[in-house]
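S.K.: Start from the sequences and build out the full structure, keeping to the hints where you can.
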Amino acid sequence: MSLAVNPQFIDKIKKLGAFDINACYSCGNCTAICPLSEGENSFPRKMIRYTLLGLDRKILSSPELWLCYYCGECSDSCPREADPGGLMMALRRFAIRNYSLGKIADLFYRGAGSVFLWIFLTLVAALGVYFFREPHPVFDKVKPLSFISLDFLHIAGLALGGFIFFFALVNILIMARSITRGKKPSGPWLKPLWETLWNEVFLQKRFGECEDKRRRLPHLGLFWGFSLLFIATILAFGQDFHFFPLWAKIPARILGLAGGVFLLYGSGYFLLKRFSRQDAYSKYSHHSDWIFLLLLLLIGFTGLLMDLFHLLSMPWATYITFAVHLILVFDLLITAPFSKFAHSLYRPIALWLSEVYKK
Amino acid sequence: MSKRKIGVYICHCGGNISDYVDVEKVRLAIEKEEDVVVAKTTMFACSDAAQQEMMDDIKEKGLDAIVIASCSPKLHLFTFRSMAQRAGLNPYQYVQVNIREQDSWAHTDNVGGATEKAISLVKAGVAKARATKPLEPIRVETKKKALVVGGGISGLRAALSLSDMGIYVFLIEKEKELGGWVRNFSSMYPHNRSGREIIKTLEEEARKRERITIFTEAELIEKSGVLGDFRVKIRTRDEVINLEVGSIIITTGFEEYRPSEGEFGFGLPGVITLPQFKKMVEESQGELRFNGKKVNTVAYIYCVGSRQREGNTYCSRYCCNATLHTAILASKVSPSIRQFHLYRDIRTYGKNELLYEDASKFGSVFLKWSEDQPPEASPNNGHLRVKMKDLLTEGEEVEIDADLVVLVTGMVPRKNEALTEVLKLPTGRDGFYNEIHPKLRPVETVIDGVYIAGAAQGPKNSYEAVASSLAAASKVATLVLKGFAELEPQVATVDPEKCEWCGLCLEACPYNAFEKVGHGGKEVAKVIEALCKGCGGCVPVCPVDAIDVKGYEDATIKSMIEELLAGGEG
Numbered sequence: 001m002s003l004a005v006n007p008q009f010i011d012k013i014k015k016l017g018a019f020d021i022n023a024c025y026s027c028g029n030c031t032a033i034c035p036l037s038e039g040e041n042s043f044p045r046k047m048i049r050y051t052l053l054g055l056d057r058k059i060l061s062s063p064e065l066w067l068c069y070y071c072g073e074c075s076d077s078c079p080r081e082a083d084p085g086g087l088m089m090a091l092r093r094f095a096i097r098n099y100s101l102g103k104i105a106d107l108f109y110r111g112a113g114s115v116f117l118w119i120f121l122t123l124v125a126a127l128g129v130y131f132f133r134e135p136h137p138v139f140d141k142v143k144p145l146s147f148i149s150l151d152f153l154h155i156a157g158l159a160l161g162g163f164i165f166f167f168a169l170v171n172i173l174i175m176a177r178s179i180t181r182g183k184k185p186s187g188p189w190l191k192p193l194w195e196t197l198w199n200e201v202f203l204q205k206r207f208g209e210c211e212d213k214r215r216r217l218p219h220l221g222l223f224w225g226f227s228l229l230f231i232a233t234i235l236a237f238g239q240d241f242h243f244f245p246l247w248a249k250i251p252a253r254i255l256g257l258a259g260g261v262f263l264l265y266g267s268g269y270f271l272l273k274r275f276s277r278q279d280a281y282s283k284y285s286h287h288s289d290w291i292f293l294l295l296l297l298l299i300g301f302t303g304l305l306m307d308l309f310h311l312l313s314m315p316w317a318t319y320i321t322f323a324v325h326l327i328l329v330f331d332l333l334i335t336a337p338f339s340k341f342a343h344s345l346y347r348p349i350a351l352w353l354s355e356v357y358k359k
Numbered sequence: 001m002s003k004r005k006i007g008v009y010i011c012h013c014g015g016n017i018s019d020y021v022d023v024e025k026v027r028l029a030i031e032k033e034e035d036v037v038v039a040k041t042t043m044f045a046c047s048d049a050a051q052q053e054m055m056d057d058i059k060e061k062g063l064d065a066i067v068i069a070s071c072s073p074k075l076h077l078f079t080f081r082s083m084a085q086r087a088g089l090n091p092y093q094y095v096q097v098n099i100r101e102q103d104s105w106a107h108t109d110n111v112g113g114a115t116e117k118a119i120s121l122v123k124a125g126v127a128k129a130r131a132t133k134p135l136e137p138i139r140v141e142t143k144k145k146a147l148v149v150g151g152g153i154s155g156l157r158a159a160l161s162l163s164d165m166g167i168y169v170f171l172i173e174k175e176k177e178l179g180g181w182v183r184n185f186s187s188m189y190p191h192n193r194s195g196r197e198i199i200k201t202l203e204e205e206a207r208k209r210e211r212i213t214i215f216t217e218a219e220l221i222e223k224s225g226v227l228g229d230f231r232v233k234i235r236t237r238d239e240v241i242n243l244e245v246g247s248i249i250i251t252t253g254f255e256e257y258r259p260s261e262g263e264f265g266f267g268l269p270g271v272i273t274l275p276q277f278k279k280m281v282e283e284s285q286g287e288l289r290f291n292g293k294k295v296n297t298v299a300y301i302y303c304v305g306s307r308q309r310e311g312n313t314y315c316s317r318y319c320c321n322a323t324l325h326t327a328i329l330a331s332k333v334s335p336s337i338r339q340f341h342l343y344r345d346i347r348t349y350g351k352n353e354l355l356y357e358d359a360s361k362f363g364s365v366f367l368k369w370s371e372d373q374p375p376e377a378s379p380n381n382g383h384l385r386v387k388m389k390d391l392l393t394e395g396e397e398v399e400i401d402a403d404l405v406v407l408v409t410g411m412v413p414r415k416n417e418a419l420t421e422v423l424k425l426p427t428g429r430d431g432f433y434n435e436i437h438p439k440l441r442p443v444e445t446v447i448d449g450v451y452i453a454g455a456a457q458g459p460k461n462s463y464e465a466v467a468s469s470l471a472a473a474s475k476v477a478t479l480v481l482k483g484f485a486e487l488e489p490q491v492a493t494v495d496p497e498k499c500e501w502c503g504l505c506l507e508a509c510p511y512n513a514f515e516k517v518g519h520g521g522k523e524v525a526k527v528i529e530a531l532c533k534g535c536g537g538c539v540p541v542c543p544v545d546a547i548d549v550k551g552y553e554d555a556t557i558k559s560m561i562e563e564l565l566a567g568g569e570g
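Order-wise, the sequence lines are chains L and U.
Reminder that position 123 of the first sequence reads as 123 in the numbering used here, one-by-one numbering, no gaps.
Reminder that position 558 of the second sequence reads as 558 in the numbering used here, one-by-one numbering, no gaps.
It is worth saying that the hints were derived from the structure and are not from the lab.
Careful: at least some of the hints might be erroneous.
Simulated pairs of lysine-lysine, DSSO-like, Cα-Cα distance not exceeding 27 Å [stated by the list, open to error]:
no.	chain 1	residue 1	chain 2	residue 2
1	L	K12	U	K61
2	U	K368	L	K58
3	U	K332	L	K14
4	U	K351	U	K332
5	U	K25	L	K14
6	U	K294	L	K15
7	L	K12	U	K368
8	U	K361	L	K15
9	U	K361	L	K12
10	U	K389	L	K183
11	U	K293	L	K358
12	U	K387	L	K12
13	L	K183	U	K387
14	U	K294	L	K14
15	U	K361	L	K14
16	U	K389	L	K184
17	L	K15	U	K332
18	U	K361	L	K58
19	U	K332	L	K58
20	U	K133	U	K176
M.R.: In structure tokens form, the structure reads like this:
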């Protein structure tokens, strides 16, 4: 079956951040220098060719997109300054957009329109908090739940969870179908799943193979920061419904605190890097990169700030910070299946599937 | 024969010879030979000191022939000939014996045998030296006039250059107008100047020059005479003109390759050649349109008519550059146009790499196909579907829906049988006129005084064509400006007593160097010495053994063979 060349495709990708990819003359330096490209999984050169020819189905079915950690070695050594690393990043944006149901993630990858969408979502959350706040919060001591009721948190949380679960599942299925199309499972699935989780998610070992190893720790910080906060939230949630004993409050607090610190470290590191624009990967930042990192930073920051105000017995300050925190969490989570956040799911699942579905 | 005084020098060549040939033994064997008055070994015969010693020997001992047993005459024949001349010995009484390439280097495993062989070879050389006679170079007067055949960019440029050097030029052109292909070009690479303008400038300048006479609709129909003194006949529309010129430059150019029906889809609407496409781009008003439809996607198929397995096996050189240059022009005309280049190898050599750079900046995409699986074009819903396996994308088979398929056609030799026959110019396997050596003698032909330049000798772009035409012009100038030329005297001679004109020698001669003359009431063959190359092709065909080549007479060769047969120990 021959593949139809799509001459217009390149325009789409250029808008997503691969500005100079036309300059590529197929020398293959990028693939040669990439510490992660090996054997069958040859990239970025193959991906450049797919892009230049507009073979979008080939791109969407390539697990190679998720093998790359964008260390920038390829872009630094490209004799044509075609920025292959930037292309891999742009292709991941394209993949996130295309794996989403009805490609609605496209809404988050446009120019000014996307920013308005974020503002709109923030306003929705703000209005929600405003209208569903408790009318008479207590002020003699700090009690955040007297400002935002637990019931509201539960209902909104469950609704949000359901929404995310549904879309994440559908999107992942779309992605899985793209990656496994025309391939058959060739071995066990459980062991690769566990290995992927351990190596790629928990430890992110592949990151360690990159030339620039400084980024692995903050990236782990982001992952573990968010994960710890997520676990803490689940614990707290479960406690409200008496699933867990009362003492579980203590580990939840500790996990939450640690998670917040990790999140601040990771997001702060990458934001600074992206501001300084010194490394290949930080030279160009799409607005989706900025928003994602800013949300993570602000969520960590407001969370910790809230605890600080709580400690200082400042009810108003605590409540306001709490409200802001909730709005930001809403922004982050409701867009998760469509934003840069989605890579945290696509990457391990794509790697796992590519292990199970070898030709 | 009277007694000769021969000097023999056996060279060590550092160790190149003496490591495998016992040079002292050779010297001792030769020393005893009749007529040998000097026999020496020398470390490097070509060194200044050794040459001085030989010159002293020639003068002091009155040597009348010398033999140097050393390397190939390709390397040092002229070195030692001029040494002999400086010492007052006729250079043709010097004999070089090759005991390096043909002996020591060939028999490194057999020192004894190599030495014996060296003795035989040197003895044969002595035999030859014994037979040498002084010869004088053939002197030909040269006319300060030149004929340039073909009035394209190469011919025009050559004519101007010749007239600059004070040489009178007859420039003949087959067509009505001067300028050849370039006349019809607009923007040309790499300078983006208009071919039309360039030709206009050259033509105006040429017409102004008093020393340039231009004949259009003219052809060269006859050539006789020798270098420096050719007589040529030119046929124009109304008359035949006789001219005398000292030298001739052939700049007859090329023809474009016409694909056969069905070759890469040629014949389908929308499948056009590069020259057609270039014209389209140049003449377009605003966006590119083909048959009224906007052209969004173009697929170029490279190497059409070039680098074929059978047929035109050569690379046409100009096409990669010209295609990329055209692609850049097309992008400027239609900025949204998408261009796919289906190539085998991109050869944008030299500064033309910048064309590749620019074309890819404008969004040109390159795909590489292999000779075994060429692209195929077929009609598809008002488009042309081009299928190919892209070697740059892991050999994936891809298909491009293009509005236009541009076949990048190469150059083929111009069909010039009549001219080729008149000049007796050899053509190469590719059908273009052949130079003697592409690097060392790039514009000279085996016909002395006749030079080739431009695309007549092989695919070239305009600036390469002009460079070669200037080279040819300077060759002509060195030949004719001096007023005379000296030629090798080792040519054939006919013994008129023996000869009974039969014409076989003329038939055998690749250079037409025989003429029929009267001698003592009969017709005999006579060698036109300026034309003869001394190849000896006529010698064996003569039924009465009337022909000898000077320096290689039957008797000389026979005496050499006898020495060789006598064996090294002799």
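S.K.: Does each hint hold? Answer for all of them.
M.R.: Checked hints:
1. L/K12 x U/K61: Given that 27 Å is the threshold and the Cα spacing comes to 92 Å, the pair is violated.
2. U/K368 x L/K58: holds, 19 Å
3. U/K332 x L/K14: Holds, at about 20 Å.
4. U/K351 x U/K332: Given that 27 Å is the threshold and the Cα spacing comes to 21 Å, the pair holds.
5. U/K25 x L/K14: violated, 82 Å
6. U/K294 x L/K15: holds, 25 Å
7. L/K12 x U/K368: Holds. L/K12 to U/K368 sits at ~24 Å (cutoff 27 Å).
8. U/K361 x L/K15: holds, 16 Å
9. U/K361 x L/K12: holds, 17 Å
10. U/K389 x L/K183: Answer holds: U/K389 to L/K183 is near 22 Å, not above 27 Å.
11. U/K293 x L/K358: The hint is violated at about 46 Å.
12. U/K387 x L/K12: Holds. U/K387 to L/K12 sits at ~24 Å (cutoff 27 Å).
13. L/K183 x U/K387: holds, 25 Å
14. U/K294 x L/K14: holds, 24 Å
15. U/K361 x L/K14: Roughly 13 Å between the alpha carbons, so the hint for U/K361 and L/K14 holds.
16. U/K389 x L/K184: Holds. U/K389 to L/K184 sits at ~25 Å (cutoff 27 Å).
17. L/K15 x U/K332: Distance ~22 Å between L/K15 and U/K332 Cα, so the pair holds.
18. U/K361 x L/K58: holds, 24 Å
19. U/K332 x L/K58: violated, 31 Å
20. U/K133 x U/K176: Answer violated: U/K133 to U/K176 is near 55 Å, above 27 Å.
Hints 1, 5, 11, 19, 20 from the earlier list are contradicted by this structure; the remaining hints agree with it.
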